[in-house]
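Residue numbers (the working numbering), protein chains in the order written: chain B, 1 to 197; chain S, 1 to 128.
Keep in mind that the hints were calculated from the coordinates and are not lab data. Incorrect hints may appear among the rest.
As the list claims (entries may be wrong) - In silico lysine to any residue, SDA-like type, Cα no more than 25 Å apart, as pairs:
#  : chain 1 : residue 1 : chain 2 : residue 2
1  : S       : LYS32     : B       : ARG68
2  : B       : LYS166    : B       : ARG70
3  : S       : LYS26     : B       : ALA27
4  : B       : LYS93     : B       : GLU48
5  : S       : LYS32     : B       : ALA25
6  : S       : LYS32     : B       : ARG28
7  : B       : LYS64     : B       : PHE26
8  : B       : LYS166    : S       : GLN11
9  : S       : LYS26     : B       : LEU18
10 : B       : LYS161    : B       : GLY24
11 : B       : LYS171    : S       : LYS26
12 : S       : LYS26     : B       : ALA25
13 : S       : LYS26     : B       : ARG28
14 : S       : LYS26     : B       : GLY21
15 : S       : LYS32     : B       : LYS171
16 : S       : LYS26     : B       : THR36
17 : B       : LYS34     : S       : ARG23
18 : B       : LYS32     : S       : SER9
19 : B       : LYS129    : S       : GLN19
20 : B       : LYS34     : S       : SER9
21 : B       : LYS32     : S       : GLN11
22 : B       : LYS32     : S       : PHE70
23 : B       : LYS10     : S       : GLN19
24 : B       : LYS161    : S       : ARG23
25 : S       : LYS26     : B       : ASP31
26 : S       : LYS26     : B       : LYS161
27 : B       : LYS64     : B       : GLU52
28 : B       : LYS11     : B       : GLY71
29 : S       : LYS26     : B       : HIS23
30 : B       : LYS34     : S       : GLY75
31 : B       : LYS11     : S       : GLN19
32 : B       : LYS64     : S       : ARG7
33 : B       : LYS171    : S       : THR5
34 : B       : LYS34     : S       : PHE105
35 : B       : LYS34     : B       : LEU17
36 : S       : LYS26     : B       : LYS129
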Amino acid sequence: MVYKALGQQKKDNWLRLLRSGDHGAFARFIDKYKETVFLCCRRLGLREDETEDVASETFMAAYKGLQRYRGQAELSTWLWSIAYRQAVSYLRKNRKQLQLEAEPDEFRQAGSGEEQGPAAAIQGEETEKIVWQAVERLPRLWAMAVILYYREEKGIIEIAKIMQTKENTIKTYLFRARRKLKKALAPAFGEDVDVGG
Amino acid sequence: MLGRTLRSSSQAVPADFTQRMLRQIKQAEEQKILARVVLQERLALAGCFVIGAAAIIVMAAFPDTITAVFNSIVGSFTERGGALVSRIPQSIETIRDQWQLYTVFAAMAGFAVYSLVDLLAGGRLKTA
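Make the full structure from the sequences, and use the hints.
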């Protein structure tokens, strides 16, 4: 109880410093969330140089917008929504065709090309690599929904707010993504691979 | 398994990204202050032009009215000033004799002090 109150007080102080434009507090904010922002940009299909530009724009927008942030959403959710908007807006401006919802031409199965049966002992980095490859092959919006749900542990309502769409659309993205992932991961992890539910 | 694996991974971020972001923010803040100062200067200049032009137009259009107004102001000023100065002790005879001149000097000195303070600490006071 006391620890929770102290933690909340510390968080409030940090937020107050952030809103006042304190550079030290904002440096901690960048350090805490930079991976998240880079992940968002990369998963939406931006190249490395573009990712860095959009990440910079995202943090600049966050710096300017922090004075208006009233804590109505979690700070990470608020930043995710800025990053998402910046990345989609960049894609709309700079790409002739925006294929965020397009199905991949061919859904290759992760782990194919190697002889890996269900019983293969795949652990650690190898597992991570295979799972990420499978996520990367999903349509970008599905992948985004999967990352927000499973990695960032956001709820459907929060994801819908971040991606500026309906909750049912997010549920559909997640349902389809799970089905695709299960199919893609089956050769490496077996037919009964657990992709959540 | 999916959640655990995705959470355990990390994203590669350029090592100096935070420092570069802070530099960008400082530059943006400096530009914002500069833009505000430039805007203030432009507004002041525009104000000088507009007020000057308006004064010339009014004087050209209504010369008699303007002369009457100025005579009235000067008359009132001299009358009130004289009444004020009559209260000053006789020892400050010089000021009593040339009070109009000293009033102008005082106004100039006040403006000089204001300009000096603005020059030395104006930026800090505006951004504080």
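Comparing the hints with the structure gives:
A threshold of 25 Å between alpha carbons decides the hint, and for LYS32 (chain S) with ARG68 (chain B) the separation of about 18 Å falls inside it, so the pair holds. A C-alpha spacing of about 24 Å is found between LYS166 (chain B) and ARG70 (chain B), which places the hinted pair at or below 25 Å, so the restraint holds. Between LYS26 (chain S) and ALA27 (chain B) the alpha-carbon distance is near 12 Å, which keeps this suggested pair within the 25 Å criterion. The hinted pair formed by LYS93 (chain B) and GLU48 (chain B) meets the criterion: a straight-line CA distance of about 17 Å does not exceed 25 Å.
Taken as a hint, the LYS32 (chain S) and ALA25 (chain B) pair is honoured in the structure, with Cα atoms around 21 Å apart against an allowance of 25 Å. Taking the CA atoms of LYS32 (chain S) and ARG28 (chain B), the gap is near 23 Å; set against the 25 Å cutoff, the hint holds. Between LYS64 (chain B) and PHE26 (chain B) the alpha-carbon distance is near 11 Å, which keeps this suggested pair within the 25 Å criterion. With a C-alpha separation of about 28 Å, the suggested pairing of LYS166 (chain B) with GLN11 (chain S) is violated against the 25 Å cut-off.
The hinted pair formed by LYS26 (chain S) and LEU18 (chain B) meets the criterion: a straight-line CA distance of about 15 Å does not exceed 25 Å. Distance hint between LYS161 (chain B) and GLY24 (chain B) is unfulfilled; the C-alpha atoms sit about 29 Å from each other, more than 25 Å. Of the supplied pair hints, the one linking LYS171 (chain B) and LYS26 (chain S) is violated, its CA atoms being roughly 42 Å apart against a limit of 25 Å. Using a Cα cut-off of 25 Å, the hinted pair LYS26 (chain S) and ALA25 (chain B) holds, with the two alpha carbons roughly 14 Å apart.
Between LYS26 (chain S) and ARG28 (chain B), the direct Cα distance comes to roughly 16 Å. Compliance with the 25 Å bound is thereby established for this hinted pair. Under the criterion of a C-alpha separation no larger than 25 Å, the hint pairing LYS26 (chain S) with GLY21 (chain B) is consistent with the structure, at around 11 Å. Restraint check for LYS32 (chain S) and LYS171 (chain B): not satisfied, since their Cα atoms lie roughly 44 Å apart, outside the 25 Å limit. Distance restraint check for LYS26 (chain S) and THR36 (chain B): the Cα-Cα separation of roughly 23 Å lies within the 25 Å cut-off, and the hinted pair is therefore satisfied.
Between the alpha carbons of LYS34 (chain B) and ARG23 (chain S) the distance comes to roughly 16 Å, so the proposed pair stays at or under 25 Å and holds. Pair hint LYS32 (chain B) plus SER9 (chain S) holds up; C-alpha atoms about 15 Å apart against a cutoff of 25 Å. Straight-line distance between C-alpha atoms of LYS129 (chain B) and GLN19 (chain S) comes to about 30 Å, which puts the hinted pair past the 25 Å bound. Annotation: proposed proximity of LYS34 (chain B) to SER9 (chain S) holds, straight-line Cα distance about 14 Å (limit 25 Å).
A hinted pair counts as satisfied when its Cα atoms are at most 25 Å apart, and LYS32 (chain B) with GLN11 (chain S) qualifies at roughly 12 Å. Of the supplied pair hints, the one linking LYS32 (chain B) and PHE70 (chain S) is violated, its CA atoms being roughly 68 Å apart against a limit of 25 Å. Annotation: proposed proximity of LYS10 (chain B) to GLN19 (chain S) holds, straight-line Cα distance about 24 Å (limit 25 Å). Using a Cα cut-off of 25 Å, the hinted pair LYS161 (chain B) and ARG23 (chain S) is violated, with the two alpha carbons roughly 31 Å apart.
Between LYS26 (chain S) and ASP31 (chain B), the direct Cα distance comes to roughly 17 Å. Compliance with the 25 Å bound is thereby established for this hinted pair. For the given pair, LYS26 (chain S) sits about 31 Å from LYS161 (chain B) by alpha-carbon distance, which is inconsistent with the 25 Å threshold. Between LYS64 (chain B) and GLU52 (chain B) the alpha-carbon distance is near 18 Å, which keeps this suggested pair within the 25 Å criterion. Straight-line distance between C-alpha atoms of LYS11 (chain B) and GLY71 (chain B) comes to about 11 Å, which keeps the hinted pair within the 25 Å bound.
Restraint check: the Cα-Cα separation between LYS26 (chain S) and HIS23 (chain B) comes to about 9 Å, which is no more than 25 Å; the hinted pair holds. A distance of roughly 72 Å separates the Cα atoms of LYS34 (chain B) and GLY75 (chain S); the hinted pair therefore is violated under the 25 Å criterion. A distance of roughly 23 Å separates the Cα atoms of LYS11 (chain B) and GLN19 (chain S); the hinted pair therefore holds under the 25 Å criterion. The hinted pair formed by LYS64 (chain B) and ARG7 (chain S) fails the criterion: a straight-line CA distance of about 29 Å is larger than 25 Å.
The hinted pair formed by LYS171 (chain B) and THR5 (chain S) meets the criterion: a straight-line CA distance of about 21 Å does not exceed 25 Å. Only pairs whose Cα atoms come within 25 Å are accepted, and LYS34 (chain B) paired with PHE105 (chain S) is rejected, the gap being roughly 61 Å. At most 25 Å may separate the alpha-carbon atoms for a hinted pair to count; LYS34 (chain B) and LEU17 (chain B) meet this at roughly 19 Å. Of the pairs offered as hints, the one joining LYS26 (chain S) and LYS129 (chain B) is violated, with about 39 Å between alpha carbons and a cut-off of 25 Å exceeded.
When the structure is compared with the earlier hints, violations turn up for hints 8, 10, 11, 15, 19, 22, 24, 26, 30, 32, 34 and 36 and for no others.
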